[in-house]
Amino acid sequence: MTAFAWLVLVPLLAAPVVYLIGRWGSQSNQPAAARQAGLAALIVAWFPFVLAAQDFTTNGPATLTVGAASLTLDGMGLLLAALALGLGTLVAIYSTEYMAADENQEKFYAMLTLLVGVMIGLGCATDLFNLWVWFEAMAISSYLLVAFYRNISTSLEAGVKYLVQSAVGSVFVLLGIALVLAKTGTLDLAEIRAAAELSPLFLAAGGLFFIGFGVKVALVPMHTWLPDAHSQAPSGISAMLSGVVIEAGLVALLRVLAGLGGLAISWGVVLMLFGALNMTVGNLMALRQKQVKRLLAYSSLSHVGYMLIGLGVSVYAGEAAGAQGGMFHMLNHGMMKGLAFLAAGALLYTLHLSRGSHDPLTVDDLAGASKRYPLVAFALSLAVLALGGLPPLAGFMSKWQIFVAGAQTHNVWIIVLVIYAGLNSVLSLAYYAPLVNVMYRKQPSEAVLAGRMMPTAMLVPVLILIAGVVVLGFWPSLLQWLTGPAGSALLAAFGG
Amino acid sequence: MTDTTLTILIVGLLALMGVGLYGLLAVRNLIKVIVALQILVKGALLALVAAGAASGQVNLGQSLAATVIVADTVVAVVGLALAVQVRRTVGTLDVQALARLKK
Chain A
1 MTAFAWLVLV PLLAAPVVYL IGRWGSQSNQ PAAARQAGLA ALIVAWFPFV LAAQDFTTNG
61 PATLTVGAAS LTLDGMGLLL AALALGLGTL VAIYSTEYMA ADENQEKFYA MLTLLVGVMI
121 GLGCATDLFN LWVWFEAMAI SSYLLVAFYR NISTSLEAGV KYLVQSAVGS VFVLLGIALV
181 LAKTGTLDLA EIRAAAELSP LFLAAGGLFF IGFGVKVALV PMHTWLPDAH SQAPSGISAM
241 LSGVVIEAGL VALLRVLAGL GGLAISWGVV LMLFGALNMT VGNLMALRQK QVKRLLAYSS
301 LSHVGYMLIG LGVSVYAGEA AGAQGGMFHM LNHGMMKGLA FLAAGALLYT LHLSRGSHDP
361 LTVDDLAGAS KRYPLVAFAL SLAVLALGGL PPLAGFMSKW QIFVAGAQTH NVWIIVLVIY
421 AGLNSVLSLA YYAPLVNVMY RKQPSEAVLA GRMMPTAMLV PVLILIAGVV VLGFWPSLLQ
481 WLTGPAGSAL LAAFGG
Chain B
1 MTDTTLTILI VGLLALMGVG LYGLLAVRNL IKVIVALQIL VKGALLALVA AGAASGQVNL
61 GQSLAATVIV ADTVVAVVGL ALAVQVRRTV GTLDVQALAR LKK
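Residue numbers (our numbering), protein chains in the order written: chain A, 1 to 496; chain B, 1 to 103.
Keep in mind that the hints were calculated from the coordinates and are not lab data. Among these hints, one or two may not hold up.
As the list claims (entries may be wrong) - Per the computed footprint, the stretches of chain A lying under chain B, defined by three or more beta-carbons under 8 Å from a beta-carbon of chain B, are:
{"id": "1", "region": "418-426"}
{"id": "2", "region": "460-473"}
Unchecked claim - Across the chosen pairs, the derived CB separations fall in these ranges:
{"id": "3", "chain 1": "B", "residue 1": "D3", "chain 2": "A", "residue 2": "V404", "range": "30 to 36 Å"}
{"id": "4", "chain 1": "B", "residue 1": "R28", "chain 2": "A", "residue 2": "N437", "range": "42 to 48 Å"}
{"id": "5", "chain 1": "A", "residue 1": "T224", "chain 2": "B", "residue 2": "N59", "range": "49 to 55 Å"}
{"id": "6", "chain 1": "A", "residue 1": "A101", "chain 2": "B", "residue 2": "G56", "range": "55 to 61 Å"}
{"id": "7", "chain 1": "A", "residue 1": "G356", "chain 2": "B", "residue 2": "V27", "range": "32 to 38 Å"}
{"id": "8", "chain 1": "B", "residue 1": "G91", "chain 2": "A", "residue 2": "T224", "range": "37 to 43 Å"}
{"id": "9", "chain 1": "B", "residue 1": "N59", "chain 2": "A", "residue 2": "V471", "range": "48 to 54 Å"}
{"id": "10", "chain 1": "A", "residue 1": "A195", "chain 2": "B", "residue 2": "T73", "range": "49 to 55 Å"}
{"id": "11", "chain 1": "B", "residue 1": "T73", "chain 2": "A", "residue 2": "T224", "range": "32 to 38 Å"}
The beta carbon of each residue, even a glycine, is placed where N, CA and C say it ideally should be.
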């Protein structure tokens, strides 16, 4: 067994074990068993990850074949695995405090471990149907996590909305698969690409894939589940959903489009158009939000837009820089949005949850938060400023890379789009800046004055992510080994 | 497979998907929504079987359909579990009443 096989297997096999250990723990009066088992499982998964990553940098992509199905760990798969495992581990540490008082923790940690494993597998799928199976498994494990607070009506509503929309999306993907299968007689993405031609059937299949996977990526107008799901889930899960799950959907969409790659150019245009739409709607809707987590959820929409522009430019013009920028932004967004949700969640926990209230955290609640919770207020400010693209933080670097790649195409329309994206980035400060303002310049609100102490376990992941956002801003080439191959893998798949 | 069989299959799958989509839009009871979703997925199953047959890969198409049945059942189970929880917490299965709860 190679390290790659273990990388996929460890979280998948650990999930039921975590559940059983947690079950045993809650019956024999050791409620900490579930979280320790969950955390241990994710930490163990780092060993095969490091070995697989070393193997990848020296020997290139590794392939694992079981029967007729095969998985390939290429640059994109490795990037997604790093993101899923990294954020998953931080969320597990964070949730040891955040979820400590909740029932059914064994389900939470088992599902979290499963979600990480499934996303690692999803990134490596090379076969259309295999991809669908991983995608569906990711959806199922995330349904349960979104509706985790099963006695709260708003979180049930979010869960129902998410389930129905995702399930319809996955039917569209199945129809697309059926069309491709009927035409080519194969499901292997590389073979499909060889057979692809400019025919109405492939265009229709591409459209179906855009709709189907687009639900999970939250392409406007298939995004309506996202603000509910991201704001109602437990905060650690909001970070996972926003930081990794939508990115995983995007990787799935790109892999499938690359399979229909005979039409690479037109897909690039569609990606860019969705990018522009996502930025506009995400930013405009975020401006109106009063609840912090809903605001962050809408800002995820606009960030998907930036990624789509970078990836679309590179698919359209065959330029590696755009793809690398897009992948870099994917990674940065995972960290920045992870930090934002974890910091907002820490405040939600101390101000509301730990006092037994499931009220949402509003912007007004945050007034004067810096006076009582200086570190978390700093973390949230840093995260939103990085998301807004303030140099020299991480978000600026990846946006800049995308904009430069766009400008280098010397295509008037793309340059207009890049300028528009830049303006959008400035517009986004209109809702990020008030958050910072309210935390630092207002007198403490009643909620802040009555808030509990900040638990240490929540501060550890927050500190790690702060370091990540700042260090990557000053030293963006640090993760070049991850984003470079991911960008090239994308272009190679599209035949660039 | 003859063209007639294929035509019947395609008409059948379009009918199933039409019923499913209409149901999703028209129905307000959460359990019925999940039933509509199931009908929609059954259409997609038929599409996979038809695609396998049309491309001469009968086994492949049917094994895909069998896999989809498994995954889709899990989705239905989760959906119905949510419906039970909605009924317990909110006291109704009406989807619109659930949506109105939001502040």
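For each hint, the structure was consulted:
1. With 0 residues bearing a CB less than 8 Å from a CB of chain B, the region 418-426 of chain A misses the requirement of three and the coverage assertion fails.
2. With 0 residues having a Cβ less than 8 Å from any Cβ of chain B, the region 460-473 of chain A misses the three-residue criterion, and the hint is violated.
3. Hint check: D3(B) to V404(A), Cβ distance near 54 Å, so the stated range 30 to 36 Å is violated.
4. Checked against the hint of 42 to 48 Å, the pair R28(B) and N437(A) passes, with Cβ atoms roughly 43 Å apart.
5. Judged by the Cβ atoms, the range 49 to 55 Å given for T224(A) and N59(B) is violated: they are separated by roughly 39 Å.
6. At roughly 58 Å, the beta carbons of A101(A) and G56(B) sit within the given window of 55 to 61 Å.
7. A hinted range of 32 to 38 Å for the beta carbons of G356(A) and V27(B) is consistent with their spacing of about 36 Å.
8. Take G91(B) and T224(A): their Cβ atoms lie about 25 Å apart, and the range 37 to 43 Å is violated.
9. Restraint check, N59(B) to V471(A): a C-beta distance of roughly 52 Å satisfies the suggested window 48 to 54 Å.
10. A hinted range of 49 to 55 Å for the beta carbons of A195(A) and T73(B) is inconsistent with their spacing of about 32 Å.
11. Checked against the hint of 32 to 38 Å, the C-beta distance between T73(B) and T224(A) comes to roughly 26 Å, which is inconsistent with it.
Checked against the numbered hints given earlier, the structure breaks hints 1, 2, 3, 5, 8, 10 and 11 and satisfies all the rest.
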